[in-house]
Amino acid sequence: MIGQSAPISGTNQALGTGMKLGIELAFKEKNEAGGVRGRMLKLEFKDDAYQPDLAEAAARSLVDAQPVDAAPRCPTTSVPAVAGQTPISTTALARGPNAVLAFLGNVGTPTMVRAAPVALETGTIFFGAFTGAATILRDDRSGGCKPYIFNVRASYAQEARATTEYFKKKGVLDYKHIVSFDQNDSYGQAGYDGIVEGYKSVMGAFPQSADPVNPIVRFRYTRNDDASVPAQVAAAQSYLANLLAADSATHTVGVFMTDTYGAGGQFIEELRRWQFANDSQQQTLNKATRLKFYFSHVSFVGPNALSDRLVSAGSLTTPTGTMPFTENVVVSQVVPNYQSDSSDVVTAYNRLIAASGAQPSFTSLEGYVAARVFIAGLDAHKGPFTPETLVKTFEDMPDLSLGLGASSGFSTTSHQYSNSVWGTSIQPNGTFRNLYFWSAGSAIQFFE
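In my numbering, the protein residues as written are 1 to 448.
By construction, these hints were calculated from the structure, which means they are not laboratory data.
Being a predicted model, the structure only gives us computed values, none of them experimental.
Heads up, a few of these hints could be off.
Here are the simulated distance ranges between beta carbons [what the hints assert, rightly or not]:
id, residue 1, residue 2, range
1, Q283, Q359, 43 to 53 Å
2, G143, Y239, 32 to 42 Å
3, M1, S407, 27 to 37 Å
4, G383, D174, 35 to 45 Å
5, G10, P428, 48 to 58 Å
6, F446, S343, 35 to 45 Å
7, N429, S343, 15 to 25 Å
8, D247, G430, 33 to 43 Å
9, A94, K168, 45 to 55 Å
10, P207, T347, 17 to 27 Å
11, A70, T389, 18 to 28 Å
12, S407, Q282, 28 to 38 Å
Every residue, glycine too, gets a C-beta built ideally from N, C-alpha and C.
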């Protein structure tokens, strides 16, 4: 039995619904082929509504956590205390008799930092989470429990690095022309840290005049609270107006967005309406023609839900005609474009999703890819299935040649399967066009 905690209710339910669907497609495919050595795969699912407290409770339930009168083996907390959140108990935990074998496809960073310590403390594999954050999953704070973590997707830092190269190609000149719109939690911080490091790698060091704490200007909204977005839009408008007032030049601005589809869509729509509003600032600053935006979201945004929102918003009038709200809106993806890719894994996914009657999405494709890699490990495993013995099986597993753009696999020194990022732009009809491909250690490839 495999466990998953994800949101299928609340404002970000599309993310959990998509990951769950992708995993279930892979499980159904495998079970119909006879299962794993005759054993059927079953997903034990908990809805956490993208709430950290619920995610921790779900993790404890799924591992049948049993308190142990001893010091904990693994970190019980991974981020500073957050107001309103119950701290994770410092009591050691053990797996109970009804524990799942592994977690697969958990969704989110703020939820992960509460669920992953429970999994690791009980010696349970935490596999293929839908987050690119470094905290716990890609840093060393999990100590001796780190072997139980396996990531399939590229990190937010890698997505940010690719995005910075894209911004540079599009004419973004310096750090003053990059804006961060991010969620006010560990997820947003992971994205922000990524764009700062990406800037230093691609465009050089920040000058001494830059803010030492937040060198790239940032505007932060509250998780699960789209009502917090307008204040951040207003702050961004003020920053951009000052940028325009400083000279008479045209300014290309890259907006790096570590967000979810509701808040992100709202930010774009309101900023665009301000840009083209016939107000007093238009007369003095000429916002409509002097600002050029590129909005780039990390993959967690929920690309298809974002596309649906922006397409539904329609277009607005500009001095040169009409502009769709999808104009220059980019999503960095960690799986290939299912609308145009012909790799084995995408072909199989498209066949299965069509047969299911559900709508395809990048999120469900990511769930399917993570499950395919996980199932391959189960197939390769010899002997009883335990978390401890599965770790070595995953580490020894060869590249599955799924078609993820570059060589992929785990090893004893790396528990990240893929290091590939695909840049896609949302088209006015809601489809996605390929812009670039980036993979760690290789030069970025542009398709335009």
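Review point. Okay, D247 versus G430 on CB: inside 33 to 43 Å?
Key: holds, 37 Å
Exercise for review: Take the C-beta atom of G10 and the C-beta atom of P428, compute their distance, and say whether it sits inside 48 to 58 Å.
Suggested key: violated, 29 Å
Check your understanding: Lying within 18 to 28 Å: is that true of the beta-carbon distance A70 to T389?
Key -> holds, 24 Å
Review point. If you check the beta carbons of Q283 and Q359, does the distance land in 43 to 53 Å?
Key: For Q283 and Q359 the Cβ distance comes to about 45 Å; the hint holds.
Practice item. Hint says 15 to 25 Å; check whether the CB-CB distance for N429 and S343 agrees. Key: holds, 24 Å
Check your understanding: When you take the CB atoms of F446 and S343, is the distance between them in 35 to 45 Å?
Key -> violated, 20 Å
**Study point:** Hint check for S407 and M1 - Cβ pair distance inside 27 to 37 Å
**Key:** holds, 32 Å
Review point. In this structure, is the beta-carbon distance linking P207 and T347 contained in 17 to 27 Å?
Key: violated, 49 Å
Check your understanding: Is 35 to 45 Å right for how far apart the beta carbons of G383 and D174 are?
Key -> violated, 57 Å
Review point. Range hint 45 to 55 Å: satisfied by the CB atoms of A94 and K168?
Key: Because 50 Å falls inside the window, the suggested range holds.
Check your understanding: Does the Cβ distance between S407 and Q282 fall inside 28 to 38 Å?
Key -> At roughly 51 Å between Cβ atoms, Q282 and S407 fall outside 28 to 38 Å, so the hint is violated.
Point to revise | Verdict for G143, Y239 (Cβ pair) under range 32 to 42 Å | key: Once the Cβ atoms are compared, 41 Å apart, the range 32 to 42 Å for Y239 and G143 holds.
The earlier numbered hints that this structure contradicts are 4, 5, 6, 10 and 12.
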